[in-house]
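Visitor: So you can see what is in the structure, the chains are spelled out below.
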Amino acid sequence: MTDALLVHMPALAVVVPLVAAPIAFLAGARWGRPVALFATALSIPVAFVIAWMASTAGEKLRYQIGGWDAPLGIGLVVDGLSATMLLVTAVVGFAITVYSLGYFAEQEKYRFFWALWLFLLASLAALFLSADVFNLYVGLELVSVAAVALVGLSGKRDALIAAMRYMLAAILGSIFYLFGVALLYGAFGVLDLAHLAAVLGPDVTGQAAFALITIGLVLKTALFPAHFWLPPAHSNAPSPVSAVLSALVVKGSFYILLRLWTDVGDPSYVPGMGTLLGVLGATAIVWGSIQALRQERLKMLVAYSTVAQIGYLFLLFPLVEIAGRHVADAWSAGVFHAVSHALAKSAMFLAAGAVLSRFGHDRIEGLGGLSRRAPVTMMAFGLSGITMMGLPPSGGFVAKWLYITASIESGAWWWAVVVLAGGLLAAGYVARVVVPGFAKASADASDADVDAGRLPKHMELAALSLALAALVLGVLGQPVLDLMVVGDPASGVIP
Amino acid sequence: MTYSGYLYDLLLIGTLLWLAVRILAEVKLFKAVVLFIAFGLLMALAWVRLAAPDIALAEAAIGAGITGALLLDAVGHMRGRAAPYPTDEPAGDASAVTEMGDGRG
Amino acid sequence: MSQTDVYTLAGAALFVISLYGLITRPHLIHKILALNIMSGGVFLVFVGIARRVMTPDPDPLPHAMVLTGIVVTVSSTAYALALAKRIYSETGAAVLDAPDVFERPEAGGD
Amino acid sequence: MNWPVIALLAAVALPFVTATVIFALGETRSTARSAANLLGAAGTAVAVLAAAASAWQGREERAFASAGIELLDIGFGLEADMLGSVFAVVAGVLWLVTTVYAIGYMSRSADRARFFGFFSICVGSAIGIALAENLITFFVFYEMLTLATYPLVVHSGTPAALKGGRTYLTYALPAGAALALGVVWLHVLAGPVSFTPGGALPFGLAFVHPAQLTVIFALLMGGLGVKAALFPLHGWLPAAMVAPAPVSSLLHAVAVVKAGVFGIARVVLEVYGPDAALLGLTLPLAALAAFTIIFGSVRALVQDDLKKRLAFSTVAQLSYIVLGVVLASPLAIAAGIAHLAHHAALKITMFFTAGVVAEEVGAYRVSEFDGLGRRMPLTMGAFSIAALGIVGTPPAAGFTTKWLLGAGALDSGTGWVLAVLAVSSLLNAAYFFPIIHRAWFRTPRAEWASGPAPGRAEADLRMVVPLVVTALAGLAMGLLAAAALSPARWAMLVAAMEAL
Amino acid sequence: MASAVPESPRGVRLAAGALCAGFGVLLVRAVLAIPEDHSGLAPVVAERLVDSGVKHPVTAVLLNFRSYDTLLEIAVLVLATIGVLSVAGSHPRVWAPVAEEADPVLSALARLLAPFMVLASGYLLWAGEHAPGGAFQAGAVLGAAGVLLALAGYARPAWVTKFGLRVVISVGFIVFLAIAVGVMFLGGVLLEYPRDYAKALVLIVETWLTVSIGAILVSLFIASASPIEELRARTGSGR
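Protein chains in written order, with this note's numbering: chain L, 1 to 495; chain E, 1001 to 1105; chain P, 2001 to 2110; chain R, 3001 to 3500; chain X, 4001 to 4239.
Since the hints were derived computationally from the structure, they do not count as laboratory data.
Computed from a prediction, not measured in an experiment: that's the story for all the values here.
Wrong hints could be hidden among the right ones.
What follows is a list of derived Cβ distance ranges for each label pair [said to hold, decoys possible]:
| # | chain 1 | residue 1 | chain 2 | residue 2 | range |
| --- | --- | --- | --- | --- | --- |
| 1 | L | K440 | R | G3362 | 16 to 22 Å |
| 2 | R | E3070 | X | F4163 | 54 to 60 Å |
| 3 | L | V204 | X | L4109 | 49 to 55 Å |
| 4 | R | E3447 | L | K440 | 29 to 35 Å |
| 5 | X | P4043 | L | A57 | 29 to 35 Å |
| 6 | L | L424 | R | A3042 | 55 to 61 Å |
| 7 | R | G3280 | L | A198 | 53 to 59 Å |
| 8 | L | V204 | X | H4130 | 38 to 44 Å |
| 9 | X | R4195 | R | G3191 | 57 to 63 Å |
| 10 | R | G3191 | L | W413 | 17 to 23 Å |
| 11 | R | G3362 | L | L424 | 37 to 43 Å |
Taking lysine to aspartate or glutamate and the DMTMM-like style, the derived pairs with C-alpha atoms no more than 20 Å apart in a straight line are [unchecked claim]:
| # | chain 1 | residue 1 | chain 2 | residue 2 |
| --- | --- | --- | --- | --- |
| 12 | X | K4199 | X | D4051 |
| 13 | X | K4055 | X | D4196 |
| 14 | X | K4199 | X | E4129 |
| 15 | L | K457 | R | E3027 |
| 16 | E | K1028 | X | E4007 |
| 17 | R | K3163 | R | D3305 |
| 18 | L | K440 | R | D3111 |
| 19 | X | K4199 | X | E4047 |
| 20 | L | K440 | R | E3027 |
| 21 | X | K4055 | X | E4129 |
| 22 | X | K4162 | L | E106 |
| 23 | X | K4055 | P | D2057 |
| 24 | R | K3163 | L | E365 |
| 25 | L | K109 | L | D158 |
| 26 | E | K1031 | X | E4129 |
| 27 | L | K440 | L | E365 |
| 28 | X | K4162 | L | E108 |
The beta carbon of each residue, even a glycine, is placed where N, CA and C say it ideally should be.
Kindly produce the complete structure, drawing on both the sequences and the hints.
Guide: Have a look at this one:
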């Protein structure tokens, strides 16, 4: 019986949260809580089993939905990359769910939070597994609508406008992506990624399709200059939502870009695209960090930090273009950075949420003496700051290490300088929060508010455990690094 | 320009493009939405020309019908209220950024 | 110029026109209309491509994709409109940026 | 897992375990926390000594206990070798002493859980630096030390402390970035670099990539130079004196600054080895070190605040070690390594004194020290021993270092080093003897005339006893320099291995 | 009174115009380069159509070959409805509970058309198996009928309580998901209908989808609609 269950594991990863979502919708707020907790808890073992399957199999596993073989039917593909992203989604998803249990009071407007939340996690799982270009479109749309609905949930003026801006950007991105899919189907008559890789030829329509898809996904990943919608959306959303947006949702569209440019084709398919993405990434790092240094609100600072950290992911493309896909350093650097950033950034947003709930505001200059009033939250913020800065022993450091090695080996040393400068800039904006944290509690902050509404333990621990996970990743990250490169994406063999 | 009926297609596409420009340039929202519904019906016609009856049906029913109804309702909702420019004091509760206030009840 | 070329060109044209409209028209209703027309354009490209096959009936795959696309478009439009209405009732205006950004057109008569 | 490996792992892991226990215990349960801290410190001291013992045993067949984890092609590895265990013993043993002192010193201040927690992490990182088997593990612990020290510098939370912390970060973080680039670049060029006496770079690399290796050396020295307080990267050390006394004494006199100097020793001796001289890198570094000695001593002369004067003295003394390590003679290398231990014991005594005096009688500036010897005889007695030790009057430890350094200079044919030694010794005397003179031979203030209040010790014993212990240790290092297990003898052995 | 609409600044318009024009040229070049002879996956669909259980290729693709797309698509629809319900949360106007005197012309029209539309929806659902039609079109027509009735001010049926509406909105998705997972226990893969039951299963799924889509489209219109009184006021005055 067990190996029958194993075969269906990829489907389970999507089905578990997908089944839980309508149940939570029908169950309403009070019963939605246990349903969500159970579903997210269950998806962790599922993700671990999938990771185990991928690493033991050593190559791509295909799961043809509906029993129809590849070109006709839709396939779910499990390889190192998808297993890693599933694992991160499961772990971060569960931790944020635990945090959200205490975050939302019984309120009319939050009654559908759990349904939207489970739909979001289900769509992320579907996105990371799908091997069909059009299916990825539907998955992207599912992610976007769920994310926008969650952003607009608090009903406040800024949140609504931020949600609207995010919605328009998301729909525009999807339409660009769809136009690309149309041209791909027109040029190659195939929708499955592996088949596409096999028949991909130098063809104007194909190149235009890749360009359109990239523009669409850049819009959804909020790479500079298409980042305008991210800071208001990520900072005005409720904190658990901001955490999942910065940690996972932006990574979903980046994942598809990664598949497209390193699995199906390669960055030189459209001449100059790799370098363009790299330059935009570098500008994003600098621009995001500078903006983060200028923000007054903590959540805006963390949101602009996301804009900067997304820039790091895109440094991968020029390096892979020069060094070729088989020099795994740059590719592993990008993916590993995505993983460690997911852990650390979600911890940072959860900590920011804890600060907001403790002080009632998140203006940075009003956060004096944070380490005395909310020690665990301060620790969580500090530890995740270490990953942002890319200092050892964090996962961010390993990613930075791989980036520098790749750029020196491939001769494009300037990317290494960008990475190092980004680390220092990150130190700048992290210090803006940590430094006043150590200051003696300012006179006006009377001790009365110190223990006003002391945060429930599980919320602070959820943030701290995510931050610690990012650090552990820096030391014991080898299994993750081995898992990532399973099923060498460049092979594109037709199973 | 070889296949039969291309003149008909050109006319149809010309109208579609002209309608699209008119919709986006139209200042009065109600008129723009009505034009959009016409655009939807013409699109249904285009699907028939392209031998896609399923899509023609769906476009007519959903594209022109439901979307049109939702748009009309939205415009009605907006026109019935205040001027099109944001007033100084928003109608809603201009609560400070105490998102947590409502979050934690 | 086969029928495929004619309709795919029309689709591309609609796409570009509505992209211009989306960027320049600040009112939310206009933006949503532009996005719908843009989707329509992409669907035209899809079915135009399907039209290359003249056997008993055209390639069914793009048709299925367009049907899915239409349903997805209507659902995101519905949510966007509900959001726009809520923004209107909260802020009294259906625009994203502050008013001083815009030039005031001559008062549109009824 | 025989006992040497257990000792090795315990030495590094125990401080971190202690830190977690301290954080968990929190602010309120201070007695339990102090007990845990003392237990941890004692355990670490034992483990460190055991590791040193295993290093001593293994020195002939060079079989050192080691343990490690693999990540990418870089392995995090620990190894108890002779050179490493010198710094590890210094950090581990002095942590125990400083903990006693800190419990006394911090008895009335707030946020003690946070203080002792980060203090333990700092020591753990320092021991990790000492026992690192390769350049990458060294770098990881080095960066952890940078981060863990920050909360201690800004512990008091006053605006001045925050400003000192900001200066510290503006020096330390770019240094970390430079070091990171250097380490990665070297790793790309030469593959995994583990510390092997006599240089670890593949043969002939210096001929193939001379330019790159020079730039890498500059980057490494830049990164390590900040902590080693080489001129012009020393600015943060005096600014960090805003930290409480236990921090200034153990960290800014021993753990943190020695980490930088120890790093330079590792890189010059056990990474570049002969290539350093080949590429002509040792001479500029020696010149810089010499200049820093003179510069530090001159600046120390004009400082009226005791801790600032001691800080600049540390800047100068550290460069003795750098100078010793860089000169190409076993005697000089032995001098450098020995001074690492000598300076630690002596300078920690002086910083302890500064702390006690400030706490007990509120005297921060040297000019307020008139007749202090009468009021606090034990404390000032220890201070005087330490001062003499550093100035280098025989038979003190400082003399041994300067003697070996002079002999080494002659041996390596760099005569000008003798001149530097002479001038700096004079300067040392010039800034320490006035303090001793004021304390003992000037007429004391009225309230001090009658000596310590009857029936009461001159100050909190938990502070004075460690002070005296370290002073006696410094004295013993000088007197028993010829003894088998003295730092000087140990250093000679290490130097012998390095030079082959 | 038409709501005069603000204009975006001239600079933005020029830049956008240039951008779109340049972009348009690239698109035209790409679109014209689409190979004429490529027949895509049409032959594959035609060849496998026989064991898909339905004769109409588009329905076969939608509900069998690529049924996973449709499953996610329905999820998008349900999700959007949840979003609309939560956004309209502050003033939910779910279908007026009591019937008001309807505008005679509108209610007459509604009374006349509604039954035919339901009939047409049923036909479309059934026809989808062998001719153009199917769940979405049928659902849309059903939805249109519902909207018409609501506009005409007809009473909300008794079973349309808050929970009842939520059930009927998600019933299509739940049935589809249940069948999709159910077949896994019969030894197949996700969404792999056993050959001989394929037709029956597709029909069951389509029926419930139609019901759900109809309910969803109605609630999308009603839930976000402004209060019925105001609705009536505006349409009633018949401008």
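Visitor: Is 37 to 43 Å a correct range for the gap between the Cβ atoms of G3362/R and L424/L?
Guide: holds, 40 Å
Visitor: Quickly compare the C-alpha distance for K4199/X and D4051/X to 20 Å and report which way the hint goes.
Guide: holds, 10 Å
Visitor: With respect to the beta-carbon atoms only, verify the hint that V204/L and L4109/X lie 49 to 55 Å apart.
Guide: holds, 53 Å
Visitor: Going straight from one Cα to the other, do K1031/E and E4129/X come out at no more than 20 Å?
Guide: Violated: K1031/E and E4129/X sit about 39 Å apart, past 20 Å.
Visitor: With respect to the beta-carbon atoms only, verify the hint that V204/L and H4130/X lie 38 to 44 Å apart.
Guide: holds, 40 Å
Visitor: Can the suggested window of 29 to 35 Å be confirmed for the beta-carbon pair P4043/X and A57/L?
Guide: holds, 32 Å
Visitor: Does the structure keep K3163/R and E365/L at a Cα separation of 20 Å or less?
Guide: OK: K3163/R and E365/L at ~16 Å, within 20 Å.
Visitor: Should the hint that E3070/R and F4163/X are 54 to 60 Å apart at their CB atoms be regarded as holding?
Guide: holds, 57 Å
Visitor: Would you check the hint for K4162/X and E108/L, treating anything up to 20 Å between C-alpha atoms as holding?
Guide: holds, 13 Å
Visitor: Are the Cα atoms of K3163/R and D3305/R separated by 20 Å or less?
Guide: holds, 18 Å
Visitor: Given the range 57 to 63 Å, decide if the beta-carbon distance of R4195/X to G3191/R lies inside it.
Guide: holds, 60 Å
Visitor: Given the hinted pair K4055/X and E4129/X, is their Cα-Cα distance within 20 Å?
Guide: Within the cut-off at roughly 6 Å; holds.
Violated hints for the displayed structure, listed by number in ascending order: 6 and 26.
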